[in-house]
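**Q** Go ahead and model the full structure; you've got the sequences and the hints to work with.
Number of protein chains: 2
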Amino acid sequence: MAADRRAKAATLDLRRRLLSSSCRLFFPENPVKIIRGQGQYLYDEQGREYLDCINNVAHVGHCHPTVVQAAHEQNLVLNTNSRYLHDNIVDYAQRLSETLPEKLSVFYFLNSGSEANDLALRLARQYTGHQDVVVLDHAYHGHLSSLIDISPYKFRNLDGQKEWVHVAPLPDTYRGPYREDHPDPAGAYASEVKHVISSAQKKGRKIAAFFAESLPSVSGQIIPPAGYFSQVAEHIRRAGGLFVADEIQVGFGRVGKHFWAFQLEGEDFVPDIVTMGKSIGNGHPVACLATTQAVSRAFEATGVEYFNTFGGNPVSCAVGLAVLDVLKTEQLQAHATNVGSFLMEHLSQQKAKHPIIGDVRGTGLFIGVDLIKDETLRTPATEEAEYLVSRLKENYILLSTDGPGRNILKFKPPMCFSLDNAQHVVAKLDDILTDMEEKVRSCETLRIKHPPGSTGPGCRAAAGSRPSNLEQGNLVIKSAP
Amino acid sequence: MAADRRAKAATLDLRRRLLSSSCRLFFPENPVKIIRGQGQYLYDEQGREYLDCINNVAHVGHCHPTVVQAAHEQNLVLNTNSRYLHDNIVDYAQRLSETLPEKLSVFYFLNSGSEANDLALRLARQYTGHQDVVVLDHAYHGHLSSLIDISPYKFRNLDGQKEWVHVAPLPDTYRGPYREDHPDPAGAYASEVKHVISSAQKKGRKIAAFFAESLPSVSGQIIPPAGYFSQVAEHIRRAGGLFVADEIQVGFGRVGKHFWAFQLEGEDFVPDIVTMGKSIGNGHPVACLATTQAVSRAFEATGVEYFNTFGGNPVSCAVGLAVLDVLKTEQLQAHATNVGSFLMEHLSQQKAKHPIIGDVRGTGLFIGVDLIKDETLRTPATEEAEYLVSRLKENYILLSTDGPGRNILKFKPPMCFSLDNAQHVVAKLDDILTDMEEKVRSCETLRIKHPPGSTGPGCRAAAGSRPSNLEQGNLVIKSAP
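So the protein lines, in turn, are chains F and W.
The C-terminal residue of the first sequence carries number 481 in UniProt numbering, and the numbering is unbroken.
The C-terminal residue of the second sequence carries number 481 in UniProt numbering, and the numbering is unbroken.
Source of the hints: derived by calculation from the structure; they are not laboratory data.
This structure is a prediction, so every number in the text was calculated from the model and none was measured.
It cannot be assumed that every hint is accurate.
Treat identical chains as interchangeable: a pair holds within one or across any two.
To be verified - Below are the BS3-like pairs computed for lysine-lysine, each with C-alpha atoms no more than 30 angstroms apart in a straight line: (1) 33 - 103; (2) 206 - 162; (3) 202 - 162; (4) 202 - 8; (5) 449 - 194; (6) 428 - 33; (7) 8 - 103; (8) 162 - 203; (9) 328 - 8; (10) 206 - 439; (11) 449 - 328; (12) 393 - 8; (13) 328 - 439; (14) 103 - 194; (15) 393 - 206.
**A** Here it is in structure tokens:
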């Protein structure tokens, strides 16, 4: 199946005909055809090797042999639903329970992080008898109807906000209302949540849950100030609601210091529900929800069965177990700490050198580089970020941007990402930023190279970007002539 | 992984401790531990072979080597998201399009039938600008919040019916208001849908879609009268809504005569959206939604991306392609027709012999046997059905019941189910029914055997079932002393 069966142009043509354009390609103007993956590398149809800095799903590395073998061995003997007894599902639940606070002792298995978050919503509503949800601004919790409703990142572009959804400000100490110079940003942001709850209650609304990624990712790789989530949990529980920690992008040792990102908040901090997805199965569709006996019992009391056809099948569980094995055997959590610290340090050196880098933040192999047009206003350097990512791609490095201003470079590579990889990326970043600065000094236009004849959003965004004033040390993208 | 790692009692104990009891086991009083599957057979930890008459997910047979090999070969080289170009996803879309009416030409790939039905809801609402849904009574469309809302089978036991959901009677010609003696049951049931639509419209509601399984399964293996869906589609489209055919349980050749169950309605009948799941990947978590260019474009016009992390990955598509290959190579659709007809014929002979069998209905390998307490009222023989299923299990035959009265035996085996298998099941069914009749004649109690010390719903249901009058030829379950 690694053989290339069709010219890239023909694949693209078929894709345009048969798939919806709502399902987007990376680099839509000149997409990459990937036919092989290994570790932290992806290979295109011409055998060119790309360094993958973004795939947090291929958690222990693309096509990890231990995981592939576990799937195959189980596929050979049995793959059926969880209505029969099987050891894999109980072994897997037990192994996961060992990574979590004791209170989180009941497990539900599903096929995607979205399914897990949807179930979290059902459980929270059943347990509390309340309907409403508090979420963070710019959050994304999944592609299902119920989750679009609690994802400002999505609903702002669609039907708008439902009356049962309440949005609290993102605890972003770089761009938000309370910044690094505030004496108590954690308290200040948590008070905002308290205020959101009170406003809702004044309207007669009742809070079922607070949902947040333990480190908000789509919102721009945000590291909430220490103590924030503990205080939010207090406010939310006082309102009768549950705390849901969405670990779909950030769990399974990525943050280095801890196995779960919510543990950055301290030993005593225990969410009521934790949802897992993406990295959990290294690409195999698996997901999990962990909760307390009390929450689970409230759901059981309805007498309604929860049946998920594929959820918790022996193959999905074998894959999940293999991922846990590899994380342990290869000590990838400690590795994430080492490589992540090294990468943070070297990116911070780049910040001192290149004024476009406004902030470098992160923990373990979850790192954000916030690109700005100017230091005072911290205006998102959206076009520059897009240009930079396209130049990195020309250099066979896959990186992406996120955040409301699409100006934050996201590092969330497979966990086997090495010190050499980190050094290589930083060197290329340095080269490109230096070149960009030179181009700006000589008044050259920064233009993203596209293949002849291509049209589309990527191209339009670059060609049509507004001209900005050339300021000392900052970059400008001029309109194409 | 086929080795048994733990005594069955220990597995059960761990499961009770770590999983929610909302996730139910078959035969909760004495569940089966299955450690191996092959074709239409499942094997427990003691090597006992069970004939699987119910697993419509293991569509081309448990652990089919072609499917297992396809998954493995692709897992070895690449499993990543659909933001890169890849041939598998376009090949798969193309192959699926060849099985469908030309109009259904745009494909979305997901991880479960539930995800597909949720997307169908989003697409229908976006396209029509309406919110409401018409569904059939007792229908089940998935485990997500949005789908519980449109599943009377579920919402009747939970929060109740939402104001945007409208329930039409099940087109059941055996138990519904219009039966086999009605001159035009299709027209009569379709008029009921028309009436439901009008009532909703009078309240100012607007219909986005009609959702139905092409053959309602959870509702009791219902075969809607010919012409029903075409007329429903007319009514629904006149109201500005879309017709969604849920093929999750019944697609991929199961009905024998056609590849899709909706095609039983004739060449001209084309739904606006078709959803697929379960059998599509022979157990691998895959699902698909097919729709028209017009519906897809309305969704694209929002400018909002649809990204499904695992959906359409190269492994899921390789598995889906392999299932299509096996269906073709082994001519399983024709096989379903042959074996299904044979099974229907022999079950009908049993109907003539055993008065408890009220109705035998089906097409291909989708068959229902409706068990009744009396011929006049057609009272569901709920306890008798449970007893029968437990006796079949003792004979190593896995069958289940469904329908609002849990009295309909459901045949939906892997498609490799053979003539011998059919003969074997019917012979056992005959033996057990004969024995049941003898027991009733000699006033013996029909009691489900449970292991000593077991307690639980299955046991309680049998022990606590109400005594009924002994009628000529019918069965009675007496209260246990």
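**Q** Does the structure break any of the earlier hints, and which numbers would those be?
**A** Violated: hints 4, 5, 10, 11, 13 and 15.
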